[in-house]
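Enquirer: Each chain, letter by letter, is given below.
There are 2 protein chains.
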Amino acid sequence: MDNPIGVFDSGIGGLTVVKQLMHYLPNENIVYFGDTARVPYGTKSEKLIRQYALEDAAFLDQFGIKMLVVACNSVSAVAIDLLKSTRKMPVLGVIDPGVEAAVQCTAKNKIGVIGTAATINSNAYYKKIVGLNPHIQVLSQPCPLLVSLVEEGWITEQITRLTIEKYLQPLLGDGVDTIILGCTHYPVLKEMIQQVVGEKITLIDSGKETARIVKDMLINLKLTRLDVRPPAVQFYVSDIPFKFDEIGTRFLGRPLADTQRVEFEKFLLKQGKKIYLPLQESN
Amino acid sequence: MDNPIGVFDSGIGGLTVVKQLMHYLPNENIVYFGDTARVPYGTKSEKLIRQYALEDAAFLDQFGIKMLVVACNSVSAVAIDLLKSTRKMPVLGVIDPGVEAAVQCTAKNKIGVIGTAATINSNAYYKKIVGLNPHIQVLSQPCPLLVSLVEEGWITEQITRLTIEKYLQPLLGDGVDTIILGCTHYPVLKEMIQQVVGEKITLIDSGKETARIVKDMLINLKLTRLDVRPPAVQFYVSDIPFKFDEIGTRFLGRPLADTQRVEFEKFLLKQGKKIYLPLQESN
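For the protein sequence lines, the chains are A and B, in the order given. Quick note, the first sequence lines up with residues 185 to 467 if you use our numbering. Quick note, the second sequence lines up with residues 185 to 467 if you use our numbering.
Any given hint could turn out to be false.
When chains are identical, the list treats them as one kind, so a pair holds in a single copy or across two.
[Claimed, not checked] In silico BS3-like pairs for lysine-lysine, Cα to Cα no more than 27 Å straight-line:
{"#": "1", "residue 1": "Lys231", "residue 2": "Lys454"}
{"#": "2", "residue 1": "Lys384", "residue 2": "Lys406"}
{"#": "3", "residue 1": "Lys399", "residue 2": "Lys268"}
{"#": "4", "residue 1": "Lys384", "residue 2": "Lys292"}
{"#": "5", "residue 1": "Lys250", "residue 2": "Lys427"}
{"#": "6", "residue 1": "Lys427", "residue 2": "Lys312"}
{"#": "7", "residue 1": "Lys231", "residue 2": "Lys350"}
{"#": "8", "residue 1": "Lys203", "residue 2": "Lys450"}
{"#": "9", "residue 1": "Lys384", "residue 2": "Lys450"}
{"#": "10", "residue 1": "Lys450", "residue 2": "Lys312"}
{"#": "11", "residue 1": "Lys272", "residue 2": "Lys454"}
{"#": "12", "residue 1": "Lys203", "residue 2": "Lys292"}
{"#": "13", "residue 1": "Lys231", "residue 2": "Lys406"}
{"#": "14", "residue 1": "Lys454", "residue 2": "Lys427"}
None of these hints come from the bench; they were simulated from the model.
Next comes chain A alone, as it looks inside the complex:
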C-alpha cells in the first residue's frame, strides 16, 4: 500500500535510521518529523519525553501513516508502550531490534550499552536484554557529550577520541564483546568507536537492525508498497537552525532535499487538550 512509513526523532539524528530504511526499503514512501525546536530529549525527564512523544506522533498521524517508527532511543526507552497503546498502526522503536541483534551476537554474555542520560537511566535496554536472556550481564554508560561532538562535526578529532576512550574505558575493563550504539548520533562515530574498542568487539547499529525488522513487518503484514513509480521521502522539522543542511547531510549520507519547517507550536495549539489526555491518565 502507498501510505507512508512515519518516522520521528527529537531532532535530525533519526536521519541515520531513515538512511537505513531507504537502503532496506527503497520503494517505500517515508515521512519524517524531527523536533528540532526542542532537541535534545536525552537530557530531559521521562515525563516530558512521553508528552513530546505523543505530540510528535500526533503530527505524523495527519499523513495516514501505515507504520510508526520511533527513531529516537530516548523516546523508545520511555514512551514506546504509551505510543503503542494510543495508536492503531504498528509501532516500532529502535531498542527492541538493537537488543535482539546484540543478544544473538554476544558469546561471552556481556553486552555494553551506550546512550543518552535518559536512555541509560530508564534501564530500558537492561530490562529488554535480561528479559530475553537473564544470564547476560549488561554494562551501561551514558555518553551525553558524543551528541554535541557529532553536531559540532568533530568526527575525526583527537578530542572526540579522548572522549570516547574516557566513556568506554569502564565497559572495556569489564570485558564486553558487544556494544549497542544506543543513540541515533553514534553511527556517525562508528569508525572511531571501533578503533577505540578494537576489532574484536561488535558494534550494533540500532538503526540498521530497526530497518531490517521494519522490512520483515511490512512483508508479514502485507503492507509493502507495490507501486513502481519512485517513492516520496518528505522531511518536516520544527526548526531550521544554522548549519542545518550540513548536519543533516552528515546523518542522512546524502543532501537533505526540500525540508519543510512546521509551525509546531501552532499545530499543538490547534490540537488543544486532546493531546494531553493519555499522559494525564498515565500520571
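Got chain A sorted already, so can you dock chain B onto it with the hints?
Expert: Just chain B now, with coordinates in the frame of chain A:
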C-alpha cells in the same frame, strides 16, 4: 518596592546571573524561570528564539515583576528589542553590560567574544561594540561544546582544556586583550579559560556586569526594595531532568532550594494566540 526582579534563561545556566544578582542586590526578591523543557536555545534559529523569549517573559509577567533581566545571551542577542517593545517594565539583557565593560577594558582595541552559535551568528556583540567605538576590532568564536562540557561536569578535565585551546587559538593568534564570556555557562569554566589564555587577557563575565547595572538602574528608578525582612528567591523550570540539582548547584554556587516545575505547555495553551501576535507582526 517589594515586587520581584524577573529573570529568565533557556535553562539553568542563567543561575550564574542570579548568583551575581544575589551578591550585588542581597535584599531583592527574585523570580527565576528556566526553560529546561526546550533548552538549549543557542543552537536554534533566531525566529524560534524570539518566539520562546515572548513565552518565557509572559510567564514572568504573572508575578508583577518590576524589572525583566534576560539572563540568556542567545535571547539577548536576537530578541531584546522585541521584549522591550512588548513590555512596560525596564528590560535588560546581558549583552550591553558585557560590551560596556569590555570596551572600557581593552587597551589594544581588540576584543574577543565567545558564545553559542546563535549568539555569535547574530553579530549582536559586534554591532554593539563598534556602535560604542568603531575603532575596536572584534573577533568572534562560537564554542558550542563548552555548554555540554559544563553540564557534564567536566570542569577540570584535560578534554575540556583541549577544547578551550582549540576554540580560543584563533583569538589568541589575533592578539585580543579582552574576551567576553558571552554565554551563561562559561563563568563556570572561567578559571580554566584564564589558564589557557594567560593572565594578561581580561575575561569579562557578563553576568557580573549585568548585576552591577541592574543595581544602578533600580537605584536610579527608585525601585529598590526597602523592606528589612529577608527577600524571597523563587525558582521555576519547565522540566526537572536527571542531575538537575547537581547541575543547578554548580551554577548558583549554593544548593537550589524548592525549585518548582511549571506545566509550561499548559500555560502556553491557556495563553492561546495572544502570545503569538507580536511575532506575527514582526514577520
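Enquirer: Now tell me if each hint is right for this structure.
Expert: Here is what the structure says about each hint:
| no. | hint | result |
| --- | --- | --- |
| 1 | Lys231 <-> Lys454 | both (22 Å within a copy, 20 Å between copies) |
| 2 | Lys384 <-> Lys406 | neither (39 Å within a copy, 71 Å between copies) |
| 3 | Lys399 <-> Lys268 | within (19 Å within a copy, 54 Å between copies) |
| 4 | Lys384 <-> Lys292 | within (12 Å within a copy, 56 Å between copies) |
| 5 | Lys250 <-> Lys427 | neither (32 Å within a copy, 38 Å between copies) |
| 6 | Lys427 <-> Lys312 | between (37 Å within a copy, 25 Å between copies) |
| 7 | Lys231 <-> Lys350 | neither (30 Å within a copy, 38 Å between copies) |
| 8 | Lys203 <-> Lys450 | neither (29 Å within a copy, 36 Å between copies) |
| 9 | Lys384 <-> Lys450 | neither (50 Å within a copy, 51 Å between copies) |
| 10 | Lys450 <-> Lys312 | neither (37 Å within a copy, 34 Å between copies) |
| 11 | Lys272 <-> Lys454 | within (22 Å within a copy, 30 Å between copies) |
| 12 | Lys203 <-> Lys292 | neither (31 Å within a copy, 51 Å between copies) |
| 13 | Lys231 <-> Lys406 | neither (35 Å within a copy, 44 Å between copies) |
| 14 | Lys454 <-> Lys427 | neither (30 Å within a copy, 34 Å between copies) |
Hints 2, 5, 7, 8, 9, 10, 12, 13, 14 from the list above are not met by this structure, while the remaining hints are.
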